Amino acid sequence: MAEEKIIIGAIVNNHFGVLMRITELFAKRCYNIDSLEVGITDDPALSRMTIVAMGDALVREQIVKQLSKLHDVRRAAVIPKEKANVREHMLIKLCNDENGNAELTALVNDCGAKVIDISSRSITVEVTGEVESNDAFIKSAKEFGILEICRAGAQALHRGSECLLDA
Amino acid sequence: MQLKNENNSTNKEMLNGAQIVVRSLIAQRTDIVFGYPGGQVLDIYDELYKHSDKIKHVISAHEQGAAHAADGYARATGKVGVVLATSGPGATNLVTGIATAYLDSVPMVAITGNVATALLGKDSFQEVDILGITIPVTKQNYIVKDINELAHTLREAFAIAKNGRPGPVLIDIPRDVQTASCECTIVADEDMLAYSHTSKLASNNSKAASQASKADSQTSKTASQSNTTTESSTHINISSYVNQYTSEQLAAVVALLNISKRPYIYCGGGVLAACAEEDVMRFAQQIDACIGCSMMGLTAIPASHPRNLGMTGMHGREAAIRAKDRADLVIGIGVRFSDRATGNKAHYTAGTRFIHIDIDAAEIDKNISVDASLVGDIKQILGQLCALLPARELLDWRDEIAGFYVEEQQHLAAQRGQSSGCVSASTTTNTSANTAANDAANASANTTTNASTSSLTPQEVIAAVRKRASDSTLVATDVGQHQMWVAQSYGFQQSRRFLTSGGLGTMGFGLGAAIGGCMGLAAMAETAPQKTILFTGDGSFGMNLNEMATAVSQNLPIVVVIMNNGVLGMVRQWQNLFYEQRYSSTTLARATDFVALARAFGADGCCVNDALQLESALDAAFAATGPYVVDCCIDADDKVFPMIPPGGTVNDMLLG
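So the sequence lines, in the order shown, correspond to chains A and B.
First residue of the first sequence: 2, per my numbering; consecutive thereafter.
First residue of the second sequence: 780, per my numbering; consecutive thereafter.
None of the hints are false.
Here are the simulated EDC-like cross-link-like pairs (lysine to aspartate or glutamate), alpha carbons at most 20 Å apart as the crow flies:
| # | chain 1 | residue 1 | chain 2 | residue 2 |
| --- | --- | --- | --- | --- |
| 1 | A | K94 | A | D136 |
| 2 | A | K115 | A | E127 |
| 3 | B | K924 | A | D73 |
| 4 | B | K1145 | A | D57 |
| 5 | B | K1145 | A | E5 |
What the hints contain is simulated information worked out from the structure, not anything from laboratory work.
Quick caveat: nothing in here was measured; it's all calculated off a predicted structure.
Same shape as in the complex, but just chain A:
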């Protein structure tokens, strides 16, 4: 069976150790995590995770079932790619010098990125987009020299009014 990118949304208890349980599960079961993003929800007792993993249909089923067995996982479900709004937030610190500045500004503007910090030798931009477009941005930004990079991992919600708890 073909391997593909799997996007999983999970509502979990906002306890210490929950992240450890989930990453341990992935390690134990030999599932590969591409990215894992977690943050508190409007209910302080709950956090929401977006996990991106690689695997075939059987692995996809197993990941969801195994996650659902964890007592701190309230809900785990695959968000099908075609039904998902996926975004990733990223900060990139680039080299700043007189020659590249104009082109760099063009790139930043083209990609809808936002400059959040400038120094004589660096420029830090904030980019939010689909994972693939962020990849493309990084590729383009490489020619200006990347000092450091910080990617948050994919976040996903269902398109339309559908929610994880209904899925």
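Please arrange chain B on chain A, whose structure you already have, making use of the hints.
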């Protein structure tokens, strides 16, 4: 006065952590706690001392033995086993025992002390992150840092351990939490589970409501806040405990069952956990199927039951394996299709349809892909299926199975004829000069002199024990050849009477398990401890024989039957078959006198070298009131047959 009455009506009282622990255990109807005291559990032990009329504490020789005892207690009685240990090494010594219970889905609660919360994370004396260590081998685990969480956490631990697919749960309690006090209510987990069920639904509803209107979400928040002191974060994954199948899935299963001409039931440990032994037999009757058992499910069906073909898998019975291979439909009930049970998966699944019935949704399509499945309580599912299916007779299939029986008996008879002529490794014919040279080199390098030669067969030993035991006699084993021989030939008639480490394969499991099982059954029946048998090997017994001290201190009538061949027999068997007889580090060359050792522990024992000695030794062992060791010398090259080599198929089956 009125105020006091109100307090009484809610049953709240001021208790410290240690009191909460012991009173919670009493509320859970725990009658025996196995454990080992230490610096960070002094307060709990003090409280146990005060309640020794309600809870018996059994001190083991080593925490691992206590964990296996709690496990054996749970396997034999079906109740939750409880083990208690101190922090650091006390806690880490439990890990093998917890993992053993985890792999075999045994309900167990392990309680550990830890250093005071202020000392956590400072590499304090005897501090270890037992929560982190046991995440992979527990169903759930906790460190309770807030006294207000303790009573609730204990209830939840018991509920999780025994509901759904059972398993071990660990609770780590820092010392200052044991001494801190709070107002709380101690109730049994049944009430909590009922609460939790409604609360999860309520929390889902409130979640939905909060999406609809903010006002609603605020009310749900205030409601949850009012609960925080006693019932905060109550969440049991109830969804995994209820039947999860649709009518379409049920119809698919019924359709497969109806068209099957050669159905085969593969019965596992989940049948015992669901108390569905009778239901499986009724179901088999209705669809006219034969039954093969995994090792964990072996006692679910009496060995004498006409439909029971016995154990299947790597060392399964020939008839069971051939019947499975011929079947057009395999109905796996409470099994996980482990590698030891299936062998080569491609061959195992080829040309056969599969139905999988289990309480754990994650088991479906995990090891093999199935054609239809039902997730839920086995007992209920089988009841439903029996009501939907017409009774039928599959006479051709019965004839075929009868043929497999005859074939098996012929092979067994031939094998018996061969084994009487077989003596030892040195007489094994060796056509490969290279191998012979290796063997000779080994003989000089590692003394093979301790690899024993004997005319006494393991099957004779088992039969001699079996005829002295009743069907209700509890039997424990360690891990290795002796375990397989017992699984193959003991002939278990009653469920939960075979305590063995299946999934993890823990050598050293047996003695602790025998102690726990023996004591658990006695407590449950309110009788004196009954005769219990431990089959072990000289290798396995050597791992945790320190628990002889416990068996003696508790004066338990455990007959320890050592199948002593001077080698690590199962590994040697593989070396013999697949490593050209290079016996690397499996010839023990020890000079342990197990009888003298038994006496040193305060027990008794004797040596057995032939069939005649066996009878009188077992007479003495069964007459003894305390533990008794029967050290049986068997041949180092007795092998476990049939054997399907790893990754092999029925066609590769070695019959001996």
